[in-house]
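For the record, the sequence lines run as chains A and B. Position 10 (the first sequence) corresponds to 10 in this note's numbering; numbering is contiguous. Position 102 (the second sequence) corresponds to 102 in this note's numbering; numbering is contiguous.
Hint data in this document are derived by calculation from the structure and do not stem from the laboratory. It is possible that part of the hints are untrue.
[Stated by the list, open to error] FRET-style restraints, in silico, Cβ to Cβ:
1) A/G52 / B/R51: 56 to 62 Å
2) A/S25 / B/G48: 23 to 29 Å
3) B/T83 / A/V86: 51 to 57 Å
[Claimed, not checked] One side only, chain B facing chain A, incomplete, derived with CB under 7 Å:
4) T83
5) D85
6) P86
7) F87
8) I110
9) I113
10) G116
11) P138
12) Q175
13) A178
[As the list claims (entries may be wrong)] So these bits of chain A aren't anywhere near chain B, every CB distance computed over 12 Å:
14) S28
15) T29
16) R60
17) R72
18) Q90
19) A99
20) L117
21) E119
22) D154
23) G165
24) R199
25) G230
26) A234
27) E236
28) L244
We put the beta carbon where it would ideally sit given N, CA and C, even for glycine.
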Amino acid sequence: MSIHDEGFAPAETPEGIEVRGLVKSFGSTPVLTGVDLDVAPGTVSVMIGPSGSGKSTLLRCLNLLETPQAGRVRIGDDEIDFTAGVRRGQSASLRRHSAMVFQSHNLFPHRTALQNLMEGPVFAQGRPRREVEEEARGLLARVGLAEKADAYPDQLSGGQQQRVGIARALALRPRVLLFDEPTSALDPETVGEVLAVMRDLAAEGRTMIVVTHEVRFARDVADHVVFLDGGVIAEEGPPQQVLLDPQQERTRAFLGRILSH
Amino acid sequence: MDLDLVRESIGPLLSGTIRGTIPLTAASFVGGMVLAVLVALARLSRVGVVRWIAQGYVSIIRGTPLLVQLFIIFYALPSLGLTIDPFPSAIIAFSLNVGGYASEIVRAAILSIPRGQWEAAETIGYSRTMALRRVILPQAARVAVPPLSNTFISLVKDTSLASTILVTELLRKAQEIAAPTFEFLTLYSLAAVIYWVLCLVLSIGQGFLERRLGRHLQPQIAKVEKVRQATA
Chain A
1 MSIHDEGFAP AETPEGIEVR GLVKSFGSTP VLTGVDLDVA PGTVSVMIGP
51 SGSGKSTLLR CLNLLETPQA GRVRIGDDEI DFTAGVRRGQ SASLRRHSAM
101 VFQSHNLFPH RTALQNLMEG PVFAQGRPRR EVEEEARGLL ARVGLAEKAD
151 AYPDQLSGGQ QQRVGIARAL ALRPRVLLFD EPTSALDPET VGEVLAVMRD
201 LAAEGRTMIV VTHEVRFARD VADHVVFLDG GVIAEEGPPQ QVLLDPQQER
251 TRAFLGRILS H
Chain B
1 MDLDLVRESI GPLLSGTIRG TIPLTAASFV GGMVLAVLVA LARLSRVGVV
51 RWIAQGYVSI IRGTPLLVQL FIIFYALPSL GLTIDPFPSA IIAFSLNVGG
101 YASEIVRAAI LSIPRGQWEA AETIGYSRTM ALRRVILPQA ARVAVPPLSN
151 TFISLVKDTS LASTILVTEL LRKAQEIAAP TFEFLTLYSL AAVIYWVLCL
201 VLSIGQGFLE RRLGRHLQPQ IAKVEKVRQA TA
């Protein structure tokens, strides 16, 4: 585990994730065909793979934006067995553990940056407004946007928007952070500022799952790299192994393609 | 034009406007909007029967003349044993009519909000209802203001049809004064001017509402305002 700065440690205990036999198809198109995944608490897992390999779908299944047809997911003490069917209240309970950062940030355009952060904690979690606001201002400061609290998303640059998106996820006090290609929609010059925030979060010892094409980020920050291809995990392991010395031919081919750009 | 007649009739005409046209329009629009949101949600429902009922309602309202709807409620319902006074009859007919048309506007506005907004609302822990109330409808409202303003402005003028079921609104007042004096030109022109002024006020209100609901959509203007405030 990485050494982390005191005072930056998250208030919430990071949790681990266990996925077994996850199956998801859209109509007759299979996307995930039996995925097993283990994520240890406080570690960073990076998921890479060609488009259509199912990495975003897998991430979205963990947050229940997609409902798998079979398999089970456990986060902390909450578990859903999708083969048996989802019972009432189970999804909300599992979803509580995680927060999602989207590729296209999906900030609420009619709310200021600060209001975007406060929305979930105040109106979904029912926490006291004053306490939430204080914490939200702190989070905006952490992502370097203290002075943008009252700006609307459209008044911010792409990188700033995504940093607000990360702060909004943190405001939910999640035990697991999910990132779905957080830098793919950004201008090249703003990618760095978003990755810097993510590095800080990783250094705090948070549980993070990141879908990305940023191989350097994976190499520097990940504890575990997962290579998905054709709806299954084709190879996984420490970044040195998967990225620098891949055992599978298709991993080598994929890395060769993205590194040549 | 007879100026004395103008002076004499302006009072009764304004009274017809203030006691007839304006409350009739306001009540019907409010009733219609409540109906419109419910019908729009019903049309987006996952339950087939709910969708069909809503669709049938919209189809009937849009497929029949407003005057016929008004006559059915006022003249035809009594033969089924249901007699309603002119003013409430008009409010019911106009509300039903506005509800049918505006529900399509509200539905389109809701559908225009990107799916990512629903997803973001879901991931911060909102139920579908909460997502709708706090995330989707506020944004849809901005989209719906211009077309709904059209509906509102049409309604102001459509309320003149209530004169046919004996509601003393603006047009009926004009008719009452014009009939014995044969001063049709003066009276109907005056009525036209009053309708036009009402609609003008509403158009100005529309502009104001669009700016207010669209604060977040005008970053440049907002920035300029901020700089202006800071330097003032």
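Please flag the earlier hints that this structure goes against, numbers listed from lowest up.
1, 4, 5, 6, 7, 8, 9, 12, 13, 16, 19, 20, 21, 22 and 23
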